[in-house]
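Chemist: Sequence:
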Amino acid sequence: MKVLYFDCFSGASGDMIVGALIDAGVPLDEIRGALGSLSIDRDAVWTERVDRAGIGATKFQVRGEDGSQGHHRHSHGGVATEAHAHRTLREIDALIEGSRLSAAGKDRAKALFARLGEVEGTIHGTPPDRVHFHEVGSLDSIVDIVSTVHALELLGAQRIVASPLNVGSGTIRSAHGLFPVPAPATTRLLEGVPVYSGTQCAEMVTPTGALLITAYATEYGGIPPMKIAKIGYGAGARSFEDTPNVLRVLIGEADATAPSHVVIVIEAEIDDMNPQIFGVVMDKLLAQGALDVFYTPIQMKKNRPGTLLSVIAAPAARETLTATIFRETTTIGVRYREMTRECLDRETQDVTTPFGAVRFKVALRNGEVLNASPE
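In case it helps, the numbering used here puts the sequence shown at residues 74 to 448.
Worth double-checking, as some hints may not be accurate.
To be verified - Simulated restraints, written as ranges between beta carbons of each label pair:
{"hint": "1", "residue 1": "164", "residue 2": "269", "range": "31 to 37 Å"}
{"hint": "2", "residue 1": "264", "residue 2": "429", "range": "42 to 48 Å"}
{"hint": "3", "residue 1": "412", "residue 2": "441", "range": "21 to 27 Å"}
{"hint": "4", "residue 1": "412", "residue 2": "170", "range": "34 to 40 Å"}
{"hint": "5", "residue 1": "129", "residue 2": "264", "range": "42 to 48 Å"}
{"hint": "6", "residue 1": "116", "residue 2": "365", "range": "35 to 41 Å"}
{"hint": "7", "residue 1": "100", "residue 2": "427", "range": "23 to 29 Å"}
{"hint": "8", "residue 1": "413", "residue 2": "114", "range": "44 to 50 Å"}
{"hint": "9", "residue 1": "199", "residue 2": "433", "range": "41 to 47 Å"}
{"hint": "10", "residue 1": "101", "residue 2": "164", "range": "36 to 42 Å"}
{"hint": "11", "residue 1": "119", "residue 2": "425", "range": "36 to 42 Å"}
Calculated from the structure, these hints are not laboratory results. The beta-carbon is built from N, C-alpha and C at its ideal position, and this holds for glycine as well.
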């Protein structure tokens, strides 16, 4: 099983995450190709090799809509400007549709922004579809999110773990004024996640960073048992004297001698909800880190047709997902089961065919190919 670990000892931002994944081996050309028609040229996305307190790291750069070089300073430990484009959720969805992400990748990216819209709407008392995204609506942040979705899809990690997040301290000026660190949206996104304040007086976790880490990480803690195969360092915008301002990514194979991967199954029986809502519920659960969500038709008491909602997740995600089930469905109770699972290793390969190059997802066990299917 491929395992990916986000080491957030110096926080997390969108450009740090993308930089770390590129540093760990994701080709920059793959990122450029996935961006499709996001209204940017291929040359508007590039990387630089930088030094952060003695650690060599990859800095992911995007030329801003105002022609500025690199990410805006709000991307990690800086001050927001007023020059960003203010986009609605519908406008961002249209940009994502124009990308070259896979169908599943587009759904994931749109679900991420839908979650952010809910958070911003809750903070400002505005319906999600009327929220105007400021910093996170800028093109560089959209690029960060689309790039991360594509990079993680390419890597195909079956288990993603993150360390507790160093959120920093102090204050930050945003489009809405001066706020304490972490910013309101970041704080809301990090509900239920282990965090702490390090020694840096700066914003160490941005809304984009919080959104991506909490969407993909299903567990939080130390480095899980694994044989490390790749290491990546993604650089933040600023340099600190005493701490390398980098996000570290470790990628490897789960240690075969370690205990089996434990998951929980959360179930709820529902017989009184509009079926049109089920799709929205699934999107929200997946965006919050569920490993899988599925529905089963069942026959309930009084011979009523109903639906069994099943959610597979890491034990650490139990409270967050349960709260969403109670908030978004009509159920008044859930039950839990603990199980172990084994997953085949997965990787993507480009295969040349008479019809052109086709990307295949290949499943392996102990190095033996057991299944292959076109993406």
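Chemist: Each hint should be assessed against the structure and marked as holding or not.
Modeler: Quick rundown of the hints versus the structure:
1. Here the CB-CB span from residue 164 to residue 269 is close to 36 Å, well matched to the stated 31 to 37 Å.
2. One distance hint, 42 to 48 Å for the beta-carbon pair residue 264 and residue 429, holds here, with the actual separation near 46 Å.
3. Between residue 412 and residue 441 the beta carbons are some 25 Å apart, a value that agrees with the proposed interval 21 to 27 Å.
4. Evaluation of the 34 to 40 Å hint for residue 412 and residue 170 yields a pass: the beta carbon distance comes to about 37 Å.
5. One distance hint, 42 to 48 Å for the beta-carbon pair residue 129 and residue 264, is violated here, with the actual separation near 35 Å.
6. Taking the beta carbon of each, residue 116 and residue 365 are about 39 Å apart, inside 35 to 41 Å as hinted.
7. As the Cβ distance of residue 100 to residue 427 is approximately 25 Å, the hint placing it in 23 to 29 Å holds.
8. Under the hint 44 to 50 Å, the C-beta atoms of residue 413 and residue 114, about 48 Å apart, fit the expected range.
9. Look at residue 199 against residue 433: about 44 Å separates their beta carbons, and that is inside 41 to 47 Å.
10. Between residue 101 and residue 164 the CB atoms are about 27 Å apart, so this pair departs from the stated range of 36 to 42 Å.
11. The hint said 36 to 42 Å for the Cβ distance between residue 119 and residue 425, and at roughly 29 Å that hint is violated.
Comparing the model with each numbered hint stated earlier shows that hints 5, 10 and 11 do not hold.
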